[in-house]
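Protein chains in written order, with numbering that gives the first Met the number 0: chain Z, 0 to 131; chain F, 0 to 278.
Some clues are possibly wrong.
[To be verified] Covered stretches of chain F, going by a simulated chain Z footprint (3 or more residues, C-beta under 8 Å): (1) 100-114; (2) 185-198.
[Unchecked claim] To list a few chain F residues with every Cβ distance to chain Z over 12 Å, as calculated: (3) Leu39; (4) Asp49; (5) Ala63; (6) Ala75; (7) Val201; (8) Val202; (9) Glu232.
[What the hints assert, rightly or not] Calculated cross-link-like contacts (lysine-lysine; reagent style DSBU-like; alpha-carbon spacing at most 35 Å): (10) Z/Lys34 <-> Z/Lys51; (11) F/Lys89 <-> Z/Lys97; (12) Z/Lys126 <-> Z/Lys21; (13) F/Lys164 <-> Z/Lys125; (14) F/Lys164 <-> F/Lys253; (15) F/Lys253 <-> Z/Lys34; (16) F/Lys23 <-> Z/Lys51; (17) F/Lys164 <-> Z/Lys97; (18) Z/Lys21 <-> F/Lys23.
The set of hints was computed from the structure by calculation and includes no laboratory data. Backbone N, C-alpha and C fix where the C-beta goes; we use that ideal spot for every residue, glycine too.
Residues per chain, in single letters:
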Amino acid sequence: MISRDYDDVPGTYVLDSRSYRKGYHLNMFCMSLNKAECREEFARDEMAYLQKFPMTDEQRQAVLDRDYIRLLQLGANVYYTFKIVSHDRQPPQVMYGKMSSPPMSFEEFQEMMINGGRPIDGNRSKKESGNG
Amino acid sequence: MARLVAGMGTSHVPGVGAAMDNGKTDEPYWSELFSGFAPLRAWHAENVPDVTIIVFNDHATSMALNHYSTFMMGVAESFQPADEGWGPRKVPVVQGHPELAWHLVESLILDEFDMAVTADFDVDHGLTVPMSIAYDQPDAWPTRVIPLCVNVIQHPQPTALRCYKLGQAIRRAIDSFPEDITVGIWGTGGLSHQLGGERAGVVNPDFDRMFLDNLVRDPMANTRLTHTDFIREAGSEGIEMIMWNVMRGALDEKVREVYRLYHIPVSATAYGAIILEND
Ligand SMILES: [Fe+2]
């Protein structure tokens, strides 16, 4: 697989040709939740609705679990997973907190932002953040 | 002749629209930001152009992986607020300006900018939130709008330099439009923010300040930033800032900064706005 210079940025998932292909159907499922009738159908029986999309079982399970970081690892993009957290009528900070490392509650994530956000220092590169 | 009067850059965070739509702007979380909007709104009230070109991006709303364009011009008579998963925002329908939109398309393509065209496009928070920031909650929007949609979600986005050059080409097109109308241009999105991944919530005030200062004094410096510079320094979603370069490219080389607002946090972002007039 072609590497990219941004692969060195820690905790970051860029929607590019690699994730495009891996996450195509997963993201298109998320996108479908823009439509009220699809949201209703998903709410009635989540698994049955997910079966309509040619996704992997792992992707389906991550949706059922609302395992947002796993969804990104499986090719989803955050603008698409936004549709799931909106469907759940939760504020997006719930999702941002679950993705964070270590994971944070809604309140913890809010507090981090109110205190100036996650600092850029130490988070620019995998080498700098010590998780390379 | 058409005349470009001013430019604005502003973030388009959906939470700002939701706070207005749900009557939460007096809550402590929002009140400081909204008092910062007051001077911005006062300027807009005095400076409503006939048409505003709004450079924004769609967020998996009307475009998705199956069809997307790098640059797309909206040529419809009107644009409906989109359902992004919560039901459409209850804001006025956006009225287009097909005459100028088509003039832009023709002029830009002959000027080597191959625009995609849409006449059927619901607009999401990327466009409607800046309208709410500028004009609050009117019964009808005071300006007509030409949506100019940029792909900033899917790599590779257009380069920062390409965006600036597009702005310059837009200016040439405005200057050659025969009708006597006033035109504004907004760049939206940003500033530093990252929504996805373990690094979600990262912001970078030093980078944002540099970007805003460069917009005023040295706009070419912002055209030398690479995709990875944005992703690394401003967060993976901070790359939306390239859309401000389109706005800046359309203005004169020398501009006057009329107003600047910077506030952390708005949701998971650093909020920024700037108003620039041709000097
Ligand atoms: Fe955006």
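Hints and how they fare:
A stretch counts as covered by a chain when three or more of its residues have a beta carbon under 8 Å from one of that chain; for the segment 100-114 of chain F and chain Z the count is 0, and the coverage is violated. Using a Cβ-Cβ cut-off of 8 Å, 7 residues of the segment 185-198 of chain F lie near chain Z, which meets the minimum of three, so the contact claim holds. No beta-carbon of chain Z is positioned within 12 Å of the beta-carbon of F/Leu39; the least distance is around 22 Å. For F/Asp49, the condition that its CB be more than 12 Å from all CB atoms of chain Z holds, with the nearest at approximately 32 Å.
Not every beta carbon of chain Z lies more than 12 Å from that of F/Ala63, the smallest distance being close to 5 Å; the non-interface claim is violated. At the 12 Å boundary, the C-beta of F/Ala75 stays outside the reach of chain Z, the nearest C-beta of that chain being 19 Å off. F/Val201, annotated as away from the interface, has a beta carbon of chain Z within 12 Å; the closest lies near 4 Å. The Cβ of F/Val202 sits about 4 Å from the closest Cβ of chain Z, inside the 12 Å cut-off, so the non-interface label is violated.
Distance check on F/Glu232: its Cβ comes as close as 7 Å (rounded) to a Cβ of chain Z, failing to clear the 12 Å threshold; non-interface status is violated. For the hint pairing Z/Lys34 with Z/Lys51, the CA-to-CA distance comes to about 15 Å; that is within 35 Å, so the pair holds. For the proposed pair F/Lys89 and Z/Lys97, the alpha carbon gap of about 30 Å is at most 35 Å, so the pair holds. Simply put, Z/Lys126 and Z/Lys21 have alpha-carbon atoms about 27 Å apart, close enough for the 35 Å limit, and the pair holds.
In summary, the hint linking F/Lys164 to Z/Lys125 is supported, as the alpha carbons are separated by about 34 Å, within the 35 Å threshold. Distance restraint check for F/Lys164 and F/Lys253: the Cα-Cα separation of roughly 16 Å lies within the 35 Å cut-off, and the hinted pair is therefore satisfied. Straight-line distance between C-alpha atoms of F/Lys253 and Z/Lys34 comes to about 46 Å, which puts the hinted pair past the 35 Å bound. Note on F/Lys23 and Z/Lys51: the hinted pairing is violated, with a Cα-Cα distance of about 39 Å set against a maximum of 35 Å.
With a CA separation close to 40 Å, the supplied pair F/Lys164 and Z/Lys97 exceeds the 35 Å bound. For the hint linking Z/Lys21 to F/Lys23, the alpha-carbon distance of about 40 Å lies beyond 35 Å, and the restraint is violated.
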